[in-house]
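A.B. asks: Given next are the chains, with one letter for each unit.
There are 2 protein chains.
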Amino acid sequence: MGTLKYAILGLLNRNAMTGYELSKEFETTLFEFWNAKHSQIYPELKSLNAAGLIEYHVEITGNVLEKKVYTITDEGRRDFLSWEETLCPIQTATKDESRLRLFFLDSASSDFRLQFLEDQRQQHQAHLTHLLENQQKFDTVPPKEARAFSDYLVLRGAVLREEAALSWIEECLQLANQRKSNSASQKNRA
Amino acid sequence: MGTLKYAILGLLNRNAMTGYELSKEFETTLFEFWNAKHSQIYPELKSLNAAGLIEYHVEITGNVLEKKVYTITDEGRRDFLSWEETLCPIQTATKDESRLRLFFLDSASSDFRLQFLEDQRQQHQAHLTHLLENQQKFDTVPPKEARAFSDYLVLRGAVLREEAALSWIEECLQLANQRKSNSASQKNRA
DNA sequence: CAGCCCATGTAATTGGTTACATGATTTT
DNA sequence: AAAATCATGTAACCAATTACATGGGCTG
Numbered sequence: 001m002g003t004l005k006y007a008i009l010g011l012l013n014r015n016a017m018t019g020y021e022l023s024k025e026f027e028t029t030l031f032e033f034w035n036a037k038h039s040q041i042y043p044e045l046k047s048l049n050a051a052g053l054i055e056y057h058v059e060i061t062g063n064v065l066e067k068k069v070y071t072i073t074d075e076g077r078r079d080f081l082s083w084e085e086t087l088c089p090i091q092t093a094t095k096d097e098s099r100l101r102l103f104f105l106d107s108a109s110s111d112f113r114l115q116f117l118e119d120q121r122q123q124h125q126a127h128l129t130h131l132l133e134n135q136q137k138f139d140t141v142p143p144k145e146a147r148a149f150s151d152y153l154v155l156r157g158a159v160l161r162e163e164a165a166l167s168w169i170e171e172c173l174q175l176a177n178q179r180k181s182n183s184a185s186q187k188n189r190a
Numbered sequence: 001m002g003t004l005k006y007a008i009l010g011l012l013n014r015n016a017m018t019g020y021e022l023s024k025e026f027e028t029t030l031f032e033f034w035n036a037k038h039s040q041i042y043p044e045l046k047s048l049n050a051a052g053l054i055e056y057h058v059e060i061t062g063n064v065l066e067k068k069v070y071t072i073t074d075e076g077r078r079d080f081l082s083w084e085e086t087l088c089p090i091q092t093a094t095k096d097e098s099r100l101r102l103f104f105l106d107s108a109s110s111d112f113r114l115q116f117l118e119d120q121r122q123q124h125q126a127h128l129t130h131l132l133e134n135q136q137k138f139d140t141v142p143p144k145e146a147r148a149f150s151d152y153l154v155l156r157g158a159v160l161r162e163e164a165a166l167s168w169i170e171e172c173l174q175l176a177n178q179r180k181s182n183s184a185s186q187k188n189r190a
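Just so you know, the sequences run in chain order P and V. Read in my numbering, the first sequence has 96 at position 96, and its numbers run on one by one without any break. Read in my numbering, the second sequence has 95 at position 95, and its numbers run on one by one without any break.
FYI, nobody ran anything at the bench for these hints, they're computed from the structure. Honestly, I wouldn't trust all of these hints.
Copies of one chain are not kept apart here, so a pair can be met inside one copy or by any two copies together.
Said to hold, decoys possible - Calculated lysine-lysine pairs in the DSBU-like style (CA-CA distance at most 35 angstroms, straight line):
hint	residue 1	residue 2
1	Lys68	Lys37
2	Lys137	Lys67
3	Lys24	Lys67
Produce the complete structure using the sequences and hints provided.
C.D. replies: See below:
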């Protein structure tokens, strides 16, 4: 899809940045829905530069350490906007190892089943708590064209998704427990 | 991670199957949380066979058409179970182009913003409807050790996730509409 | 001066998709 | 007879992670 390209152009469309700063931005801000390591970013910057979509100038930190501050070009901005202003299909399929394991969970022992679900529950709980802490940093919905508005929206998305994941696991636990007390009376299965 | 390996072993642990049937299984049953094309499956089967985790015998369909029916070996079963009976981290990050686009949506025109959100809303709505139709096929929660129990659980997971996604988009739409009427009175921004 | 962060790259490998390639069987 | 589906594979390419490799700058 070449999505990394547009993630980078999008970030540079906001602020000029070095590859290192882009990498930090992926780790922090975009982490929930996109990520890329520096080993993927630097080559991509090289090719975006070659394509004339971004430029850079070198700045010196201290005495010798060079850093390349990248800026988006007009052509790059046009390219980004033409990507940004297109519709896109929602994600109906996504690789999720937890769900795969859960799908096969009937081949595991009944003890492990509960242990697995309980562990998943706790992890989701912890992650949700963390997200809610971030959400509380917004005392109010960020206004207008504020940069933080997007941050708020994607954070809300993460919160709602995580709440749903937690509800789901709790539903699974409940059904698994039901099953356990049922099957106690008929343990003589294959 | 080598997850494909365990997805295949897990399926073969249920039933003996050909590569073609595995491929269909990925397309239908596992699709929501794992997928693999035949071009990835056939080489994987080759290497699992070489590792002694699966075996096959050849069956003839019609006059000449050969198909390889794969069976899991004892060693394969042990390997699968040792994977299956381990805890795993929840997914806190997943690449999602829709969310990325939404994150950058402030660089788009206000008209397009609403168009994008409305389109996403409709897509989520349609997908949810489809999932709920599948859910109705279960008149009751499948019992005990029934194969369908896992199917039911992952379907419930998909339903809850999709409901959350829809709620989120609706919240975004609401906020975006608010913003529009607000910003009408102060359109003189940079 | 040690340890951590800043800063930039490349190489090797894995995971995954798309395209290439072939041919039999069944259904309409 | 054509079209859809069954059936199996390989090749080329793209995306992404892990590891390799180097060195400066800042803080305690």
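A.B. asks: Against each hint, give a clear statement of whether it holds in the structure.
C.D. replies: Hints, one by one, checked against the model:
Taking identical chains as interchangeable, the C-alpha atoms of lysine 68 and lysine 37 lie at most 35 angstroms apart only when both belong to the same chain, with a minimum of 17 angstroms there against 41 angstroms between chains. Proximity of lysine 137 to lysine 67 under the C-alpha cut-off of 35 angstroms is restricted to the intra-copy arrangement: shortest distance 33 angstroms within a copy versus 60 angstroms between copies. Proximity of lysine 24 to lysine 67 under the C-alpha cut-off of 35 angstroms is restricted to the intra-copy arrangement: shortest distance 15 angstroms within a copy versus 50 angstroms between copies.
When the structure is compared with the earlier hints, no violation turns up for any of them.
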